[in-house]
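Asker: The lines below spell out each chain.
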Amino acid sequence: MRKVMPGNETIAHAAIAAGCRFFAGYPITPSSELAAAMSYLLPKVGGKFIQMEDEIASMAAAIGASITGEKSMTATSGPGFSLKQEHIGLACMMEVPVVIVNVMRGGPSTGLPTHPAQGDIMQARWGTHGDHPIIAVAPSLPREIYLETIRAFNLAEQYRNPVILLLDEILGHTYEVVDIPEPGEYDIINRKLPPKGLNRLDFYTYQRDEGDPPLLPNFFMGYNFHFESLAHDEMGFPTTDPEKVDRITRLREAKIEKNKEKIWKNHLLMVEDADTVIIAIGSVARSAIAAVEMARKEGIKLGLFRPITVWPFPDEPLREAITEKQRVIVAEMNLGQLKGEVEKALRREVEGLNKVNGVPISPKEILEKVKEGK
Amino acid sequence: MSYLEYVRSFKLPHSWCPGCGIGTIMQAIVRAFDALGWKHEDIAFVTGIGCSGRMSTYINANTIHTTHGRPLAFATGIKLAKPDKHVVVVSGDGDALAIGGNHFIHAARRNIDIKLIIINNSVYGMTGGQVSPTTPQKFKTQTTPYGNIEPNFDVIKLAIGAGATFVARESVTRPRNLEKLIEKSFHHKGFSVVEAISNCHINLGRRNKLKDQITMLRWINDRIIPMNVAKKKSPEEIKDKIILGLFHEDKERKEYTELYEEEIINRARGKE
Numbered sequence: 001m002r003k004v005m006p007g008n009e010t011i012a013h014a015a016i017a018a019g020c021r022f023f024a025g026y027p028i029t030p031s032s033e034l035a036a037a038m039s040y041l042l043p044k045v046g047g048k049f050i051q052m053e054d055e056i057a058s059m060a061a062a063i064g065a066s067i068t069g070e071k072s073m074t075a076t077s078g079p080g081f082s083l084k085q086e087h088i089g090l091a092c093m094m095e096v097p098v099v100i101v102n103v104m105r106g107g108p109s110t111g112l113p114t115h116p117a118q119g120d121i122m123q124a125r126w127g128t129h130g131d132h133p134i135i136a137v138a139p140s141l142p143r144e145i146y147l148e149t150i151r152a153f154n155l156a157e158q159y160r161n162p163v164i165l166l167l168d169e170i171l172g173h174t175y176e177v178v179d180i181p182e183p184g185e186y187d188i189i190n191r192k193l194p195p196k197g198l199n200r201l202d203f204y205t206y207q208r209d210e211g212d213p214p215l216l217p218n219f220f221m222g223y224n225f226h227f228e229s230l231a232h233d234e235m236g237f238p239t240t241d242p243e244k245v246d247r248i249t250r251l252r253e254a255k256i257e258k259n260k261e262k263i264w265k266n267h268l269l270m271v272e273d274a275d276t277v278i279i280a281i282g283s284v285a286r287s288a289i290a291a292v293e294m295a296r297k298e299g300i301k302l303g304l305f306r307p308i309t310v311w312p313f314p315d316e317p318l319r320e321a322i323t324e325k326q327r328v329i330v331a332e333m334n335l336g337q338l339k340g341e342v343e344k345a346l347r348r349e350v351e352g353l354n355k356v357n358g359v360p361i362s363p364k365e366i367l368e369k370v371k372e373g374k
Numbered sequence: 001m002s003y004l005e006y007v008r009s010f011k012l013p014h015s016w017c018p019g020c021g022i023g024t025i026m027q028a029i030v031r032a033f034d035a036l037g038w039k040h041e042d043i044a045f046v047t048g049i050g051c052s053g054r055m056s057t058y059i060n061a062n063t064i065h066t067t068h069g070r071p072l073a074f075a076t077g078i079k080l081a082k083p084d085k086h087v088v089v090v091s092g093d094g095d096a097l098a099i100g101g102n103h104f105i106h107a108a109r110r111n112i113d114i115k116l117i118i119i120n121n122s123v124y125g126m127t128g129g130q131v132s133p134t135t136p137q138k139f140k141t142q143t144t145p146y147g148n149i150e151p152n153f154d155v156i157k158l159a160i161g162a163g164a165t166f167v168a169r170e171s172v173t174r175p176r177n178l179e180k181l182i183e184k185s186f187h188h189k190g191f192s193v194v195e196a197i198s199n200c201h202i203n204l205g206r207r208n209k210l211k212d213q214i215t216m217l218r219w220i221n222d223r224i225i226p227m228n229v230a231k232k233k234s235p236e237e238i239k240d241k242i243i244l245g246l247f248h249e250d251k252e253r254k255e256y257t258e259l260y261e262e263e264i265i266n267r268a269r270g271k272e
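Protein chains in written order, with this note's numbering: chain A, 1 to 374; chain B, 1 to 272.
Since the hints were made in silico from the structure, they are not lab data.
Even for Gly, the Cβ is constructed at its ideal location relative to N, Cα and C.
Be aware that one or more of the hints could be misleading.
Unchecked claim - Computed list of chain A residues with no C-beta within reach of chain B, every gap over 10 Å: (1) H13; (2) K44; (3) M94; (4) S109; (5) R125; (6) E257; (7) E298; (8) G340; (9) E351.
To be verified - Straight-line C-alpha distance at most 16 Å; calculated EDC-like pairs for lysine to aspartate or glutamate: (10) A:K44 - B:E262; (11) A:K44 - B:E261; (12) A:K196 - B:E41; (13) A:K192 - A:D179; (14) A:K244 - A:D233; (15) A:K244 - A:E257; (16) B:K11 - A:E349; (17) A:K297 - A:E368; (18) A:K3 - A:E144; (19) A:K301 - A:E372; (20) A:K260 - A:E349; (21) A:K44 - B:E41; (22) B:K11 - A:E234; (23) A:K325 - A:E349; (24) B:K189 - B:E258; (25) A:K344 - A:E372; (26) B:K189 - B:E255; (27) A:K244 - A:D275.
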């Protein structure tokens, strides 16, 4: 089926298809259309939508619904994303699946509410305090927005972790033809639950192999489980035992780290024979795709490496794909957040094409940068 | 069944100070569960941060220890997702009225069926005794060394004004009354608020010549007055008293999750 809709609406339709039945939100530009679509669509499938009193509360309500077993989501933009951070950390700590959509706008502070930016890449990784695992995905194309939304829910459920879906204002607002995939064209993953009838006290829920998510019950399954925001032991109760705190912190980290090859997803466009490789995500990657086409017509060997999974950062795939001889330009609507990660991965300095004025990076600008030489 | 079924006795001893009123309140809550015969697997028990926050560790139910001030926001998600379950929130005066004040007034406005018990000990106890929205004026705390100049929130007026449909107050010095009042609030369908006046002799009392629990409980006892007694007194006589009892009960107003089902789900599905 094909439908004309903006990215924000595409996410709403995909979330319902993924099994999302709870949404808590708060109005904020440029993500509000997503909440509006959910308020209309969710009750039709028996789901629940609530506009909470603030961003903090909407993150909390989404987590509350998730621990009862509902797949749940919230959506926001820059300032709201900042406000949600404490509860994103809580979901990491309690290992609760939840999807957070951040439609990026210019920042810091109130910034440029109606203009695009990509300044939250680092906040998506390190916005909340303390060491914690995170997954962030950044689609670029209409059908990909749909499929990555479904994948965001799948990853959240599979690894019991918050997953951040990063868009920017252009992708959120641009009406495009979406070629909606049929239900058979994608997988749906649901969280694994303990079988019913176990003895609560024999049920050492946090004991697991390194790399595995914990097998936790939902509320009201009969296990009277305790979800704890403090550092906790293998049964979920507060502890300050250094050995236990260390173990649980590393186990949480390991479930993403050990599975990163399964979580990574990249789009490579004519990278192999390229003299210059552009690295870009989101709407900037759309310009980069056009720039590659334009360059090739002119006989310039330009390629594109587009990380769709931004966190965990695809360092190994980058090292495999890009040779030392290739010139690398990271194009992004910030002052070099992605570039820093690329340099860390490639262990060398690369070039940046950066814009922070609320105006998109055009294909022409990318091509000019390529032509301008080092 | 015994009320001990609702206690995770394997987690005892608890972390609260000797003589703290919170134990009395916890017992009143589990006795109310027992009196109503609620199945513990059908109860969600949600707490925030502070001494009150630790209660979720000791209650044998589906429990969650959340962030500072936000237990009502988590509870709203739980209740809306599973309207047929019992959702109980225990929160302190700092948790519910300062950092969580916004969630408090909006949960009351929605009239969502959450049972809130505010443990009001007039201080931030766990962090060492800082001034709270209910610390009496002139009282010394860690952050009001020259005495508190800020007036208090009147929890009862605030809750009624915001739209709560069951609003009551009791004191830890009257444990059986507290238990009965909490039980009554659990019967109520809608957002209920029970303010439980409690003592923190360790972090509030010791700075204000009330340094042991007996002295502080006597001080509370001298200030409280049951509503039926207060009605016979002149306004002048009860000016500085804390009135105890059921202040407001509205059984007519529709509860939020019921309205959601009737109005929103049915309309969305085209069966008006």
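Asker: Decide, hint by hint, whether the structure agrees.
Answerer: Evaluated hints:
1. A cut-off of 10 Å between C-beta atoms confirms that H13 of chain A is not in contact with chain B; the least separation is 15 Å.
2. At roughly 5 Å from the closest C-beta of chain B, the C-beta of K44 of chain A falls inside 10 Å, breaking its exclusion from the interface.
3. For M94 of chain A, the shortest C-beta to C-beta distance to chain B comes to about 8 Å, within the 10 Å cut-off, and the non-interface label is violated.
4. No beta-carbon of chain B comes within 10 Å of the beta-carbon of S109 of chain A; the shortest separation is about 21 Å.
5. At roughly 21 Å, the least C-beta separation between R125 of chain A and chain B is larger than 10 Å, which holds for a residue marked as non-interface.
6. The claim that E257 of chain A is not at the interface with chain B holds, since no C-beta of that chain comes within 10 Å of its own (minimum 26 Å).
7. Distance check on E298 of chain A: its Cβ is at least 54 Å (rounded) from any Cβ of chain B, clearing the 10 Å threshold; non-interface status holds.
8. Residue placement check: G340 of chain A keeps its beta carbon more than 10 Å from all beta carbons of chain B (closest about 30 Å).
9. Every Cβ of chain B is farther than 10 Å from the Cβ of E351 of chain A; the closest lies at roughly 42 Å, confirming the non-interface assignment.
10. Proximity of K44 of chain A to E262 of chain B is assessed by CA-CA distance (about 13 Å); at most 16 Å being required, the pair is judged to hold.
11. Between K44 of chain A and E261 of chain B the CA atoms are separated by roughly 11 Å; this keeps the pair inside 16 Å, and the hint holds.
12. Only pairs whose Cα atoms come within 16 Å are accepted, and K196 of chain A paired with E41 of chain B is accepted, the gap being roughly 13 Å.
13. A distance of roughly 31 Å separates the Cα atoms of K192 of chain A and D179 of chain A; the hinted pair therefore is violated under the 16 Å criterion.
14. For the hint linking K244 of chain A to D233 of chain A, the alpha-carbon distance of about 6 Å falls within 16 Å, and the restraint holds.
15. Simply put, K244 of chain A and E257 of chain A have alpha-carbon atoms about 20 Å apart, too far for the 16 Å limit, and the pair is violated.
16. About 55 Å separates the Cα atoms of K11 of chain B and E349 of chain A, which puts this hinted pair outside 16 Å; it is violated.
17. Of the supplied pair hints, the one linking K297 of chain A and E368 of chain A holds, its CA atoms being roughly 14 Å apart against a limit of 16 Å.
18. A threshold of 16 Å between alpha carbons decides the hint, and for K3 of chain A with E144 of chain A the separation of about 14 Å falls inside it, so the pair holds.
19. For the hint linking K301 of chain A to E372 of chain A, the alpha-carbon distance of about 14 Å falls within 16 Å, and the restraint holds.
20. Of the supplied pair hints, the one linking K260 of chain A and E349 of chain A is violated, its CA atoms being roughly 25 Å apart against a limit of 16 Å.
21. As the CA atoms of K44 of chain A and E41 of chain B are separated by approximately 29 Å, the hinted pair breaks the 16 Å bound.
22. The suggested pairing of K11 of chain B with E234 of chain A holds, with an alpha-carbon distance near 14 Å, which does not exceed 16 Å.
23. Taking the CA atoms of K325 of chain A and E349 of chain A, the gap is near 12 Å; set against the 16 Å cutoff, the hint holds.
24. Distance restraint check for K189 of chain B and E258 of chain B: the Cα-Cα separation of roughly 10 Å lies within the 16 Å cut-off, and the hinted pair is therefore satisfied.
25. A threshold of 16 Å between alpha carbons decides the hint, and for K344 of chain A with E372 of chain A the separation of about 25 Å lies outside it, so the pair is violated.
26. Of the pairs offered as hints, the one joining K189 of chain B and E255 of chain B holds, with about 7 Å between alpha carbons and a cut-off of 16 Å not exceeded.
27. Between the alpha carbons of K244 of chain A and D275 of chain A the distance comes to roughly 50 Å, so the proposed pair goes past 16 Å and is violated.
Of the numbered hints stated above, those contradicted by the structure are hints 2, 3, 13, 15, 16, 20, 21, 25 and 27, listed in ascending order.
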